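A.B. asks: Protein chains in written order, with this note's numbering: chain A, 38 to 256; chain B, 38 to 256.
These aren't lab readings, by the way, just hints derived from the structure by calculation. Everything numeric in this text was worked out from a predicted model, so none of it was measured. Any given hint could be a false lead.
What the hints assert, rightly or not - Calculated cross-link-like contacts (lysine to any residue; reagent style SDA-like; alpha-carbon spacing at most 20 angstroms):
#, chain 1, residue 1, chain 2, residue 2
1, A, Lys45, B, Ile78
2, A, Lys82, A, Val60
3, B, Lys96, B, Leu149
4, A, Lys50, B, Leu112
5, B, Lys183, A, Ser132
6, A, Lys50, B, Lys96
7, B, Lys39, B, Leu72
8, A, Lys82, B, Glu61
9, B, Lys226, A, Tyr231
10, A, Lys236, B, Lys39
11, A, Lys201, A, Val60
As the list claims (entries may be wrong) - Now the stretches of chain B that chain A is said to cover, found in silico as 3 or more residues with beta-carbon under 8 angstroms:
#, stretch
12, 57-70
13, 189-199
14, 238-248
Where is the CB? At the ideal position from N, CA and C, for every residue including glycine.
Protein chains: 2
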Amino acid sequence: MKEYKKSKLNRVKRGQNRATYDVEKINTILDAGFLCYVGYIYEGKPITIPMAYTRRDNKIYIHGSTANRMLLSILESEETSITVMHLDGLVLARSGLHHSVNYRSVTLFGSLNKIEKDEEKTAILKWIVNQMMPNHWDSLRPMYQKELDRTLVVEFTIETASAKIRDTGVADEPEDYALPIWAGIVPIKQVAGYPISDKGKPEEMGIPQHVLDYYEQNK
Amino acid sequence: MKEYKKSKLNRVKRGQNRATYDVEKINTILDAGFLCYVGYIYEGKPITIPMAYTRRDNKIYIHGSTANRMLLSILESEETSITVMHLDGLVLARSGLHHSVNYRSVTLFGSLNKIEKDEEKTAILKWIVNQMMPNHWDSLRPMYQKELDRTLVVEFTIETASAKIRDTGVADEPEDYALPIWAGIVPIKQVAGYPISDKGKPEEMGIPQHVLDYYEQNK
Chain A
38 MKEYKKSKLN RVKRGQNRAT YDVEKINTIL DAGFLCYVGY IYEGKPITIP MAYTRRDNKI
98 YIHGSTANRM LLSILESEET SITVMHLDGL VLARSGLHHS VNYRSVTLFG SLNKIEKDEE
158 KTAILKWIVN QMMPNHWDSL RPMYQKELDR TLVVEFTIET ASAKIRDTGV ADEPEDYALP
218 IWAGIVPIKQ VAGYPISDKG KPEEMGIPQH VLDYYEQNK
Chain B
38 MKEYKKSKLN RVKRGQNRAT YDVEKINTIL DAGFLCYVGY IYEGKPITIP MAYTRRDNKI
98 YIHGSTANRM LLSILESEET SITVMHLDGL VLARSGLHHS VNYRSVTLFG SLNKIEKDEE
158 KTAILKWIVN QMMPNHWDSL RPMYQKELDR TLVVEFTIET ASAKIRDTGV ADEPEDYALP
218 IWAGIVPIKQ VAGYPISDKG KPEEMGIPQH VLDYYEQNK
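Isolated chain A (complex conformation) (with noise of 0.2 angstroms):
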């Protein structure tokens, strides 16, 4: 089992139990998403930006325009981090106290660098799509090298992480278990609806296998 080390930034204080360093783990909730929050200063405050991303090995990367502040700003400090969650339930205990949700989260610490050759900005982009909407890319006009000179690709990585898992039934207190008072969890998910094609060719063309595959899987 390979482990990111344990420092002052990642050690997780509250709620040890939940926690685990396991670079598999760690991977697999962020292979099961597309969205992160990523972490910045302005003005002396901390601003949390939602974002696409992608995994490759230990590397995430996101991106947006190259007059994104945030961007800029996270490239020039280099102080940020990324949080990515996974909401999997409510959690309905007998007290307010351990009311909780089930969830998968992770938090990654690392090292920001502009990625600047335009083959490795369009092979990043292309995962970025993808990891949105798996298969997708290939079908997709290629992009205009103006639009590829406007597009900031960032590479983070990922230098120490912790997760935190919860993925139980309800703890209560144990003597609140001969209560009259119901308990259970409410499983949350996201899902996809019925995919709707734009007006006009893809109104006649149908929907792409893959866009139907990916509604399959997740509706």
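With chain A's structure known, arrange chain B on it following the hints.
C.D. replies: Frame of chain A, contents of chain B only:
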């Protein structure tokens, strides 16, 4: 229409056509969820922590253990922001550049205050539980004093805020509409599964009506 005043902090720079400062619209987005992303600065790095919240007027309430390093840190420094985002759809365009998501997001800036009085703390914890599961609190075992004593309740007064909403179809380059490329929207939503009763008394009792109502409204 009441609006938050635009300042350097909350003025949306990218995608201004999606931005709103309207108090009602911002409150509607806040009331549609119960999980927020709270930013704080630790060792010079911005870290984002997912937390349960509730809203009353221009106040957001979050809570945690009295030993929660993040809550203690933001109370002391007053440097934080809160982000809430709901993902509503994948926007699959004809080109990579115009891929996007439909969403409703809010970023809040404000001041912080620790709630000291037991009655106030209890009232707020009721709101937090009921924001996650409407009408739920009154079915629970009342809080013990010792539970209240080790719970930190923090009031965040919204001073300035912005929202971004994308809720339209695909927006491609004009010339791309002639291409034989499929484009469209995949709606995304968060849904509830059927409630799972905890072992013991809850199994005999049956699922309470308010939990069944939640399931029916969110399935």
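A.B. asks: Would you check the hint for Lys226 of chain B and Tyr231 of chain A, treating anything up to 20 angstroms between C-alpha atoms as holding?
C.D. replies: Holds - the C-alpha atoms of Tyr231 of chain A and Lys226 of chain B are around 11 angstroms apart, at most 20 angstroms.
A.B. asks: Would you say the stretch 238-248 of chain B counts as covered by chain A, given the rule of at least 3 residues with C-beta under 8 angstroms?
C.D. replies: n = 7 at 8 angstroms, threshold three: holds.
A.B. asks: Taking only the CA atoms, is the gap from Lys96 of chain B to Leu149 of chain B under or equal to 20 angstroms?
C.D. replies: Holds, at about 10 angstroms.
A.B. asks: Lys201 of chain A and Val60 of chain A: Cα distance at most 20 angstroms?
C.D. replies: holds, 13 angstroms
A.B. asks: With the threshold set at 20 angstroms, check whether the alpha-carbon distance from Lys50 of chain A to Lys96 of chain B stays at or below it.
C.D. replies: violated, 28 angstroms
A.B. asks: Starting from Lys50 of chain A, check that the Cα of Leu112 of chain B is at most 20 angstroms away, please.
C.D. replies: holds, 18 angstroms
A.B. asks: Regarding the pair Lys183 of chain B and Ser132 of chain A, is the alpha-carbon distance no greater than 20 angstroms?
C.D. replies: Within the cut-off at roughly 13 angstroms; holds.
A.B. asks: Between Lys82 of chain A and Glu61 of chain B, does the CA-CA distance stay at or below 20 angstroms?
C.D. replies: Outside the cut-off at roughly 25 angstroms; violated.
A.B. asks: With the threshold set at 20 angstroms, check whether the alpha-carbon distance from Lys236 of chain A to Lys39 of chain B stays at or below it.
C.D. replies: violated, 36 angstroms
A.B. asks: Check the hint pairing Lys82 of chain A with Val60 of chain A against an upper bound of 20 angstroms on the C-alpha distance.
C.D. replies: violated, 30 angstroms
A.B. asks: Does Leu72 of chain B lie within 20 angstroms of Lys39 of chain B when you go C-alpha to C-alpha?
C.D. replies: Given that 20 angstroms is the threshold and the Cα spacing comes to 25 angstroms, the pair is violated.
A.B. asks: Within a Cα-Cα threshold of 20 angstroms, do Lys45 of chain A and Ile78 of chain B meet the stated pairing?
C.D. replies: Holds, at roughly 14 angstroms.
Going down the numbered hints, you'll see the structure goes against 2, 6, 7, 8, 10, 12 and 13, while the others check out.
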